[in-house]
Amino acid sequence: MKKVLMINQSWCKGCGICAAFCPKGALEIVDDKVQRKEGTECILCGQCELRCPDYAIYIDENEGDTDQWAKSY
Amino acid sequence: MKKVLMINQSWCKGCGICAAFCPKGALEIVDDKVQRKEGTECILCGQCELRCPDYAIYIDENEGDTDQWAKSY
Amino acid sequence: MGKVVLMQGNEACVEGALVAGMRLFAGYPITPSTEIAEISAVRLPQEGGKFIQMEDEIASMACAIGGSVAGVKSMTATSGPGFSLKQENLGYAALAEIPLVVVDVQRMGPSTGMPTSPSQGDMMMARWGTHGDHPVIALCPSSVKETYDLIIRAFNLSERYRTPVLFMMDEIIGHLREGMELPELEEVEVIDRKTVKYPEPKRLPYHIKKGKLVPEMAPFGMGQRYNMTGLIHDESGFPTNSNEEAEKLIDRLMHKVSDNYADIVKCEQVGMDDADVAIFCYGGTMRAASSAMDEARKAGIKCGIFRPITIWPFPEKELLEAAKHVKRIIVAEHNYGQMVLEVERVVKDACRIDFLGRYNGTVITPDDLLAKIREEK
Amino acid sequence: MGKVVLMQGNEACVEGALVAGMRLFAGYPITPSTEIAEISAVRLPQEGGKFIQMEDEIASMACAIGGSVAGVKSMTATSGPGFSLKQENLGYAALAEIPLVVVDVQRMGPSTGMPTSPSQGDMMMARWGTHGDHPVIALCPSSVKETYDLIIRAFNLSERYRTPVLFMMDEIIGHLREGMELPELEEVEVIDRKTVKYPEPKRLPYHIKKGKLVPEMAPFGMGQRYNMTGLIHDESGFPTNSNEEAEKLIDRLMHKVSDNYADIVKCEQVGMDDADVAIFCYGGTMRAASSAMDEARKAGIKCGIFRPITIWPFPEKELLEAAKHVKRIIVAEHNYGQMVLEVERVVKDACRIDFLGRYNGTVITPDDLLAKIREEK
Amino acid sequence: MTVDTGDVSVKTKNMSNLIYKYMRPEHLPQIWCPGCGNGIIMRDIAQAIENLGLSRNSTVIVSGIGCSARAAGYMDFNTIHTTHGRAIAFATGIKLANPSLEVIVVTGDGDISAIGGNHLIHAARRNIGLTVVVMNNNIYGMTGGQYSPTTPTGAFGTTAPYGNLDRSFDIAGLAYGAGASYAARGSAYHVQQTTTLIQEGIKHRGFSIIDVASICPTYYGRKNKKGSAVDMLKWQRDNSVTVDQAAKMSQEELKGKLVIGLLHQVNYPEFTYAYDQLIRRLFEEREENE
Amino acid sequence: MTVDTGDVSVKTKNMSNLIYKYMRPEHLPQIWCPGCGNGIIMRDIAQAIENLGLSRNSTVIVSGIGCSARAAGYMDFNTIHTTHGRAIAFATGIKLANPSLEVIVVTGDGDISAIGGNHLIHAARRNIGLTVVVMNNNIYGMTGGQYSPTTPTGAFGTTAPYGNLDRSFDIAGLAYGAGASYAARGSAYHVQQTTTLIQEGIKHRGFSIIDVASICPTYYGRKNKKGSAVDMLKWQRDNSVTVDQAAKMSQEELKGKLVIGLLHQVNYPEFTYAYDQLIRRLFEEREENE
Amino acid sequence: MSRQEIRLAGSGGQGIILATVILAEAAIQAGMNTAQSQAYGPEARGGSCKAETLISDQTIGFTKVQNPTFLMALTQKSLDQYGPEVSENCLVLIDSGLSAPQDMKAKRIVALPILDTARTVVGKIQTANIVAVGCINDLLGITDAKTLEKAVLMHVPSGTEQLNIKALEEGFKLAEGHEEK
Amino acid sequence: MSRQEIRLAGSGGQGIILATVILAEAAIQAGMNTAQSQAYGPEARGGSCKAETLISDQTIGFTKVQNPTFLMALTQKSLDQYGPEVSENCLVLIDSGLSAPQDMKAKRIVALPILDTARTVVGKIQTANIVAVGCINDLLGITDAKTLEKAVLMHVPSGTEQLNIKALEEGFKLAEGHEEK
Ligand SMILES: Cc1ncc(C[n+]2csc(CCOP(=O)(O)OP(=O)(O)O)c2C)c(N)n1
Ligand SMILES: Cc1ncc(C[n+]2csc(CCOP(=O)(O)OP(=O)(O)O)c2C)c(N)n1
Ligand code: SF4
Ligand code: SF4
Ligand code: SF4
Ligand code: SF4
Ligand code: SF4
Ligand code: SF4
Ligand SMILES: [Mg+2]
Ligand SMILES: [Mg+2]
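Protein chains in written order, with the working numbering: chain V, 1 to 73; chain B, 74 to 146; chain X, 147 to 523; chain W, 524 to 900; chain A, 901 to 1190; chain U, 1191 to 1480; chain S, 1481 to 1661; chain F, 1662 to 1842.
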């Protein structure tokens, strides 16, 4: 199954750790919440997941039927 | 002034430590109290004083006017 | 009839506790409770239980609580200075509703005081020693046999009400050896812990099932995962900032004891049917009182004895009733005046109250009591 | 008129203590008393004094005692759980007669409870928290200004009576900021320690000179070598097994406080001249009471307030007298019912007693009190 | 496997399998501040448990009081949040009563080394089979930034307004000196290494301690001008050396460095095991006599 | 000088000058049992003080509770017998309030390392200028022979009827691990060496500890078949090695040996000194600003 | 000045407590009585936070705000929480970015771009509380500008005086032309 | 048997407490009531030491000896201390080595060479307490020899049974031909 990057914005506190340590600069913090940065590539390395203190970002299998940002969480 | 071996029998608890570590075997315990052992020599080495837990035996200058055992203490 | 054996009070405390099911004892030596630790150290491993000497009394209390949380009936024992140190975690056990028995063999204080002298100076500390409000159950034995029986009751109460029970001994009984009849074990009532038998999904660990007094406990490891805390919590066991939940919790804790006054509170009344003067006493003081009463009656004075066996909650109903039928109550205790304050509060103006306190390391004698009985102000 | 400044209760506690001569503070942080440590840490070295953060509350209490023994006015501060831990050494200080001030900014318990919520749940612990019998002086401020003034009085009492003084604050006052007038320093009465001025050979450290209340203290290092102990001791400061000496000591300790009731016990009575109903309250609760009284009077109800400032010894004389002139006393406190027990004991049947307790983390409001005032059973 | 370039998907549980399995999501996100290192370390513990395949039902998490101590409430095990400093003493009772439980203590630097210091050294001495994970942020977070026994000399806290005069504890070193049979140091930044150290600590039969450098941007960071959470993690990244590297460095070179790795491991009989042996012996002796 | 062969003289004071000067003879002999090692060690302390020429008036002896703690009452200084385990915490207050005092803590193994363990490690960490002399008899004497944190594994006590399962503390080692800047070990037998170690400990500016092996024939000796006081001292004589000798021995060879001597010494700023510097700094800054 | 019961709400890091302290200080400096307090709690760590000041020329008995005469909210969450609690007559100040909840009874609502002003005009979002203090003083007329400035200077960390005075002035300006919704 | 109030005194290490425990045990075995206790205190460490047993066929209220009917002292110090406290009718047993103090009111005094017997006949001074137990039982007639022997065996350490039985027998013998002074 396809791996995807998941974001649970309702848990994100906007600390910026994920973004700072993403090897691809693929994340940014907007209005105290993390989001994918346009025009960057995520290589699903999982670094963000390992260091997010709030478990708000992680890699998962794509079981869902949508590929939208998980803003509504 | 002459050095002498002093004994304060009222403080002596008869533990036998002084006698055991006297290099000359010059002390003995009788009725739970230390005393000089007859026929032995005391060299005033002070070992007994150092180890007596009850400060009942010690070397002192002979200021007194008696050379008796200090049984009456 | 069971076998009669010679036993010391402190020993009876351990033997009774073993019968009640104690299988963990955590303690720290202190005169005059030390024999309880020493005998536990010998006896527990023989029964497959464990004794541990912790680094201090705080740790002992915490360790005993831990043992209970893991499902093992636990006890700790100490004397005055150590009892002071156990207070913080006593509050924890009361709030988190952890059954265990804490023995205090009282000695003369304050501070190091006179370590080997008898006293009953910790009675109020048993009630008020820790911060905040919480329920307290405390018992006081007055013979070796009663120590044995009552420590079993202490464990039973702690299990029934899920609360620490204080066992307030004194040196008089702790170090007394006398003959006592061992009960037939089958005849001893032992209340086993009401535990959750199989894990229930979404179970609320502090929810009380219909008809139950307290939430059933789930020993750690049995499969029912939940949270315990010393913070104010709701039925889920998690901290809450809700003022309603806080009030509900404190009310419930208090009421589980006060609503069951009749089950918990026991006292002995001797010769009170026709008494004019009553001796109010507890623990080892009872022994002088009973001799004094005999003497007084011989001298034609109608003397009786009112003895709380449960000292906390205070037997106020029985005492008030009794006070109405006597002219005087003499409160005799080995302290500067502790339970006498409760007697005053409860009895109000129902009868005269005299106080005989002893706080010099000696024991109140029958003669002391007789003199007080004869004294007319 | 002195300058009016905005100050927090906890800050006033430190500033007052500095004026009283505090030069050593030993503490361990705990909400809601932490500011007292924090402000002490800033202010003490500025005044040539010392702040130390110890490893726990037991050590803090011991360290403060040590400071006092070496001749420096010392203080420690904490909240409920830490107050539990200080109890053992509090008994030591009482027995060895060491002046110092112990502040407890109460928070809601039992156990960790609701750490940031107001409470007055440690009032009985202040009296009974440690083992054995010992005297207790405890004060309760009900405004920032009173905190400042009363902490000075706490130090003065501790020096005059050579005894630890408990300063029982609550979160309401501890975290309240209000304006207060700084006194002119010359006008502040500060009692300096009565110390031995030059070493006297064979001086008995616990001997009381004629006309003195307590034995003069000799700070360690001034040349008067002697012994202090937490064991029962005689005038020489050495342990004794004499029962007479034991009784003499305990009696003396108790009497130095009880005989000076008039000097030590203070209370405030507002509107009690013509009151039909009195609110009994202390500490932060006073603020709701004074608003409630105003409202009640507006509504034609003759309401008064009886407020102990000294809470231990309990102001029983004044209270009993007051009780005789009112129909009802409403005891309002932020706990499940602590001082109300003392009120009951003292007032007996002199008037009706109602209780308004709050133990859910919220504050009693004037409306709560008014409702109680209007309530007729 | 083709590497996905970053699709994002909605899934009802809204969290990774690890979190779903080992945490109590209804209580997340934690009360911890944004960027607090504790969340990272708590995840390390979960990962270590996952790697070892421990049963949640027979694992106990014990904590004291502090920000860090709140961890117990978030983890889906048998959890108990005790009194300040006493976690190890409670844990000792639990382990003794039921040695088959895996007992993990999660604690802060103040909790374990200030008020709780005595229990730490005695548990280490006894070699009782507990695993202690310290979320060491060099400060008292919960009470608002007072210096702790691990605050470096000269650093600031609300009670060290002029710079801390105390020297600081090396918690792992202290525990080792007291007899801990396993002592290691990790950091919030070094997620994988720390996970492994915790994992090995749990596996170790005896008392083990993993002192993990956490970050408290709110108090320690602010008071000491250490910048944001990100800055603090970067500091850890840039100033850590492994135990092996450290062995080759001078005292001077080691100044200001964080030494990460397994500091010490040795085998002694575990306390509750020895106790069970004793009971067995007594039972056998009794049988022989009967 | 002709050596006298043992005349005995009566003198009113009935004791040596050392004892006369530093003890309170009206309280002698001590309540200690016959042959108790504490008396020897107490004399060592007095001798060390004599050698250093300390003033009795500016020397403070602080003790906790235990047989050993009774020492305070016998010594003619400013003496304070505190609560069990808390001597160091009291002493910290005394030293802080008046750093010019020489503060010596006299304590037992239980007092200092069981209930008082936390204060020990924190005072060591702070490097506050106290000198701690431990009368270490490997047992709780005062309460009648329960095992202590220094009772060897396998040894007996009233609460270790089947042999002690705990491992034991090396008190000097523990204090060193916690940061003590001076740590030494003496014994009741080695009077002169121990005196010197105490003397150097007092001289040392900072926290110093001298862990002295005492003997308790009444409880430890009896419970563990160690014979009389004399036998126990002989054991110390025959089984001690110096630090230097120990350095050349293997772990195996060191088993059951008592290592005597200075274990560790290093210089850090003493705590109350650092504090006074801070106050001076603040005063100077204020003056500058005014 | 008649009795004012002032409640300020926002999120943990917004300096809400300091704002009430400054208002209380201003009241003192203006010769009035005051009682300032705050809700402590885990909320202080990130969640919403409230602080209060009573100001009156009478002696202050009960020290807690019971019936706010003024409420300010700087976050939607805190507005949603505390907004509905206040009565009709309470004056409510909200940041322009927020929208008043449906169940709010208060009629007098002022929306001002406090956060934005701090961020963009003053240049530091952390000064929002001081901007707010300026607005509040203007709205309630607690004291004159000079006294308020003094109060601010007594309570802000040294080194930040300039910045905070600027923030205060921007607050004054903001409130000047305000309009009640 | 009528109520006996037995007090034993000696020095710390003489096993005085054990002796009273054995007497108490003997009483129990003989179907009587008993209350045994001892003075704890620093005295236990070397100084003089006292222990007590009440024996009665009635229920025992107050548990402490108030008016001893029997006193034994094994050291001069303890005899000097406790001797003068007892009344005329108290039976006093002392070791032959001791001399009764002047101010002792008791008339019935028995001196027996207890210590000497233990040391020389039994061969171990530590057995003096058991020798004494034998004497006391004989003097007071608490129970028969068999029961007393059982009581002794219940309380002496295993391995020392032989020695103690011998001591007990020597005690019996000693008391047999005794003579009150
Ligand atoms: C007996 C007691 N003393 C003090 C406190 C207050 N208190 C709570 S947490 C804490 C410090 C916590 O520090 P640490 O363990 O380092 O945890 P952190 O918050 O930094 O994670 C203190 C002093 C308390 N709850 N109980
Ligand atoms: C809080 C407290 N707990 C326990 C005791 C009882 N107690 C007195 S001394 C002692 C042990 C002393 O052991 P140690 O320090 O080794 O001294 P020793 O008697 O062996 O010299 C104990 C447990 C006490 N007095 N106070
Ligand atoms: S998975 Fe790796 S590349 Fe993708 S966002 Fe996270 S850290 Fe960046
Ligand atoms: S690390 Fe987590 S909490 Fe922090 S910004 Fe990224 S997703 Fe949000
Ligand atoms: S060492 Fe001292 S107490 Fe012991 S026998 Fe010799 S003189 Fe007596
Ligand atoms: S001085 Fe020396 S020789 Fe003389 S008795 Fe003492 S130890 Fe023996
Ligand atoms: S205060 Fe520090 S340790 Fe506590 S939650 Fe915030 S960042 Fe974490
Ligand atoms: S019991 Fe041991 S330590 Fe205590 S006095 Fe006796 S021999 Fe010394
Ligand atoms: Mg921390
Ligand atoms: Mg010892």
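Keep in mind the hints are simulated off the structure, nothing from the lab. We treat Cβ as the ideally placed atom computed from N, Cα and C, and that holds for glycine. Worth double-checking, as some hints may not be accurate.
Some but not every residue of chain B turned toward chain U, in silico, with C-beta under 10 Å [unchecked claim]:
#1 84
#2 93
#3 104
Hint check:
Annotation: interface hint on residue 84/B holds; nearest CB of chain U at approximately 4 Å, less than 10 Å. With a cut of 10 Å, the hint placing residue 93/B at the interface with chain U holds, because the nearest CB-to-CB distance is about 4 Å. Nearest Cβ of chain U to the Cβ of residue 104/B: about 13 Å, over the 10 Å cut. The hint is violated.
Hint check: a violation occurs at hint 3 only; the rest are consistent with the structure.
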